[in-house]
Each structure stands twice: as structure tokens, then as C-alpha cells.
Amino acid sequence: MVNKMVTDIAVEMPTGLVQPEQENIDGIEYPKQTVGTPLLESSKMSMRNVDVFYGDKQAIFNVNVDVGQHEVIAMIGPSGCGKSTFLRSINRMNDTVESCKVTGQLTLDGEDIYSTKMDPVALRARVGMVFQKPNPFPKSIYDNVAYGPRLHGLASRRAELDEIVETSLTRAGLWTEAKDRLDQPGTGLSGGQQQRLCIARAIAISPEVILMDEPCSALDPIATAKIEELIAELSQNYTIAIVTHSMQQAARVSHRTAYFHLGRLVEVNETEKVFTAPEHQLTEAYITGRFG
Amino acid sequence: MTDLNKSRAERIQSSLAKRYRAEKRFQMYGYAAIAFGLLCVVILFTDIISKGYKAFGQTYIQLEVTYDASTLGITDVNDSQQLALADFHGIVKKALKSRFADVSGRKAKRDLYGLISNGAGYTLRDRLVANPELLNQTETLWLVADDDIDTYYKSIGSDAGAFTGRMSEQRQGWVDQLVESNDVEMRVNRNFFTKGDSREPELAGIRGAAMGSLFTLIITLGLSFPIGVAAAVYLEEFAPRNRWTDLIEVNINNLAAVPSIIFGLLGLAIFINFFHVPRSVPVVGGLVLTLMTLPTIIISSRAAIKAVPPSIRDAAIGVGASPMQVVLHHVLPLAMPGMLTGAIIGMAQALGETAPLLMIGMVAFIVDVPGGFTDPATVLPVQIFLWADSPERAFVEKTSAAIMVLLAFLILMNTLAVVLRKRLERRW
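In order, the protein sequences belong to chains A and B.
Under the numbering used here, the first residue of the first sequence carries the number 1, and numbering increases by one thereafter.
Under the numbering used here, the first residue of the second sequence carries the number 293, and numbering increases by one thereafter.
Looking at chain A on its own, in the form it has when it is part of the complex (with noise of 0.2 Å):
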């Protein structure tokens, strides 16, 4: 970890199952504050008194997290607790919802990502998306990665064009699968190259933060051990938040964990400390498979 924590007095009481303040909600002992480290001193994003509504329905309740810079930060926790609909308004792509509806703060680079200067279009340039079931366009293996810059103009010419879509496929680990096949169709490719090559289109735009939406969900285990490989190789250069279903997932490829709780933000801490000694009662109930 490059970064370091804001000390906290959580963190430095011994270790076993700690105590904070609680508050009682339907039955359930949630921490008043998300316990372990969710700050942090230096941060490429920062989210603060994030809730989210749909119509009158609250999905998320008072999150605050910073995710570092070229971390990989993994968000966990029962089906329906909001990771993915936190994680889809990093880039506003809730905004595509009616209903819903985001307040707090949140910032990439200090700069608010839901003030009204921020274009939402500019934004998910430099936020990319992977999405849980791979969704490559129904056009070729080249368009769909050049479909990116061809739409920001990052490439004035042809060849220029070849060579981001050669390095976006280099990267997401398929150039040597498709290199002789760039003019089929996407979609023909296996589930797991499928998905890969959403990867090459995310980052042929060179965004800054990654997300990814239960990217192996779909996948078998190989094809889910070379997007883990991928992730790896890819947070040299990108910050990533990744949302997933499969403990072992986030302990392999992720720096720090979130465990999210219906909607509520229960701890974030160092992946090795929430799989081995988690802070929180919730939290540990969840990966000791008490409940998910």
C-alpha cells in the first residue's frame, strides 16, 4: 500500500472484534462510523455523506470512503446492499435512472463529480466502466475497441488508431487471441475473451479509475483467473473499484476491502485484515459465510 491510513483510534486498539459506538436499525448493530480506515491522507476519489434514493426508496446511507491513488479497492457484502449502485454513481451512470437520486460529495481529483460544471460525458471518460456481463458491441473486435477514442477524437490518424487499439488489447491480455480477427465480430469471442475485450474498450480511452461491476460473475474459473491476472497488471496504471460476489476474488486482486451491509458502509480495511481479523461483528459474520 502506498498510502497511508489516517490514524484512527479503531486501529489501534489490539485487535479481536472492537466495540464503536452502535446504532440499532431493524435488528441489526450497525457502527455509527464505518470502522477500520475509509480515509484516507491522499486520495484519487473521495466520497463523503453519500446517500443514495430511488424515488423514496434510500439504497445507500451515509457513505464516506476515499479510494487511493492506483489502489484496488474491492467492495463486498449480501446481494442488494448497494455496492453496485454506489459503484454506478462514481460515474453517473445512475443518472440514466430517473428515479434516482445522489447526494454528498463526490470528487475525482478534488473536482466535484456532481456539480453542474462536471459533464457527465467528460467524466466516464476518465471513469471507465466494465460491466457484469460482458457486453461488447454488435460490430468488430477493432470497432469496438476504437469505438472509444473515435468518439473523444484521441487518434487524428489511422495509424495512431491501430496503436491504441494494438495496446488497449496488448494490456487486456487478447491481442495475441485476436490479433488475426480484428475485423469479426465481437461477439463471437467467448464468454471470458467477451469480457476482456470490454476491458480493452474501458481502457482504450486511458481512463484514470477503473470501475468494475462483478466483472467474473459470468465467467468460468480459467477465464476468471486471467481477468484476476489482468486486474493485477492493470492497477500499476489505474485506480480500479471493483464490486464482487466472491470473497477469494477481492482477497486476491484487491489492496482494501469495503464490506457494505444493506446500504450502510460497515468497514473498510486492509484486505488481509478484514479476511483475517475484521474489525466488525457484521463483517465477520459475512466472511465466515454466517449470512451472503
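These aren't lab readings, by the way, just hints derived from the structure by calculation.
The calculated SDA-like cross-link candidates involving lysine to any residue, where the alpha carbons are at most 25 Å apart (straight line), are: (1) B:LYS389 to B:ALA361; (2) B:LYS598 to A:GLU98; (3) A:LYS133 to B:VAL618; (4) B:LYS598 to A:VAL97.
Label pairs and their calculated CB-CB ranges: (5) A:THR116 to B:ARG713: 39 to 47 Å; (6) A:PHE53 to B:ASN706: 43 to 51 Å; (7) B:TRP536 to A:GLN236: 45 to 53 Å; (8) B:TRP536 to A:THR96: 18 to 26 Å.
Sample of chain A residues at the chain B side, in silico, Cβ under 7 Å: (9) MET129; (10) LYS133; (11) GLY148.
C-beta atoms are modelled at their ideal positions from N, C-alpha and C, and glycine is treated no differently.
Assemble the complex: chain A is given as a structure, and chain B must be docked to it using the hints.
Using the frame of chain A, we list chain B on its own:
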């Protein structure tokens, strides 16, 4: 325990047999439905084709015609004024009189002159204008027979016997005489495909109505497809969900069910009486049919847009496409086959529509083939309606033939729809 197992297996066996029987029955219902549909189509087509195919032939009579300048009353073939006044039917009469020299009496003569169509004079004029040296010359020509003769000649040898209708025995005799000397012949009815409507069945053609339909449909397609697609895209992709859009949606669905004659009245009140668009022209017909087709196109386009997987939209938004780029690059291309199908169904509907056009004057008797969007015109279904309403026996087969032309148009359009769909569909 074994007993229990056995009875369980038996029960499954017997229920299996029952299920298979039910499945068979279900399949039979399907076959029966399709067979019934096909039978109806076959009956319809046999009826129409058996009645109509004869309209594509036309009876011609061979006569020796003399372009007699004194009978015609002209001195100069190139003088259009003289030509307009010239009595071309006179030389036809003369030719008939010389063929049947023994005919006398006013009534018998009128009957005789009625053997040849009134339109024969125009044929002779056109020939003379094209070949001025024919003046005062004689030539043997095939001339279009009158519709009564046509009907009679076509029915000779049929099971029901020859149809005489209002033909006198004397006329039948003349025709039989001509037939014996091989001076009567069936030829391809070119008039039917090249002429507009006429009071004389033997001169009436479908071209006027077909061109009218074509011009009207071009206007309809040109207006309703872009407007319909734009409305569908707005409603699906950009409009907020609120009471206003709900109201719009309900109204669009209502409009799709409004009887088409109402659209005719609307067109009459708004386009003709308020905006003073001329009556009976393809422009106003196209406008009215646009109103009628729009709901169909909007509804099918919305369904096609809805069917575009949201993951594609997410992917495009995720790499930073603006809402318009999402629509233009991804949603529209993927929805296009569905939208085109809807549009062609709408067009086929418009092609067959009669009621609203009656209200805006496209039911008029129009002889000239329309040459543009602002020429008075009628359309195929209205032409069918007009001919079906005419008393002359010869219009019966014309009606069926017009229906065949209309069906051919429909089949052509539907084939086009299938081809376009196949071509645009992305199966990857």
C-alpha cells in the same frame, strides 16, 4: 414399498400417455388453424384470378381502314386544330359499313358502329400523326372491340355458354361472321397497364390508380417514417416519465384504433378547408394516410427500441457516448429492422385504405394518369371500389384484375420488408 414404487411408475406412465395425447391435440389445433387460413387464401386467390385473368386479354377486330381526307374533313395532317376536329370515328364507321354492306336502318347501323370501341378513333389519329403519308391510303388494322363484344367473345365456349347480355342477335351474327373469317383476335390488353380510368371498360386502365397510389405512398412514407421514428426515439429515450407522457402514450394507442374514416374527415376539415390543400391530389391523400399510419409506426418503433438490450446502452454510456450518440450509433441501428417492419406494415395498411380517401375527393373519376404529387388522382382500392360499382359486365373482370394488381403491390412490399429485415438484422 415395491408395490408403492410400481404404482408410482404406472401412474407416471399413464400420465405420460395423457400428456402426449394432449400435446398431439394441441399440435392438431395449430395445423387446423393454419390449414383453415391457407384454404381461405387459396379460395380467395382462385376466385380473384379465375375472374380476373381474362382482363389481361383484349378482343381486337381486323378492319380495312381508309384514311379518307374528305370523311375526316382535314387537308393538313400537321394542323393540330384540324386534327382535333377531324372525324376519325367516321372512317371507322365507313370501314364497318364496307365490311357489312347489307346493313340498313338507323338502329342496325348504330349497332354495327358499336362493334368497335369509341377509342379506336384515337388510335387512328395517333397512327396518322405518326405517319402523315397514310392520308388517303388504305391499311388493314386491328382495332379494339367494344366491351360487349369483348365479353361475348371471351365467354364463347365457356361452360355457362356464351354471354350475350344486351347483344342483339344481329350483332352476334356479325361477330360470328368476323370470327369465322379470322378477323377477331385476343391480344394482350396493353390499355389496362398504360391508361387511366374510362367509362368504356375496354379503354379503362389501372395505371392512373397505380401511379396515384405510388405518389400517395411516397408522401406517406416520407412523412410518417421520420416523424414516427423521431417520436418513438423521443418517447423511449429522452422523455421524462410523467403524466404528460402517459397522456401522450394513451392517446397514441387510442389513435391506432380510431376508424380510418375519421382521419378522412379530419383531413377534409384541416388540410382542405383550413389550409386549402387542393382536393383529390396525392399530397392531401398522403397527409391523411400519414396521420393514420403514424400510430402504427410509433408503436412498432417503440417496441423495437425497447427490445435493444440495455447492456448495449450501458456499454456505450460507459465509454462516454452522449445520449444522442448512444441513440444514433447503437439504438437506432439495432432497432432498425423492427422499425422498418412496422413501417412497411403501416404502408401496406395505407395502400389498402379507401375510407379516408373518399372524404378528401380521391374518389373522383379521373381519366388522366397523374404525373406528380399535385395532379388529381385516385388510388388502387378506390379504383376497385369504383369499378365494382359500375354496371357494365366487363368491369367485373377489371375489378378482379385490379385486385390482382393491388395484391401484387402488397406482396412486393412485404417481400421488400423481409429482404430489408434480413439484410439489416445483425445476427452477431
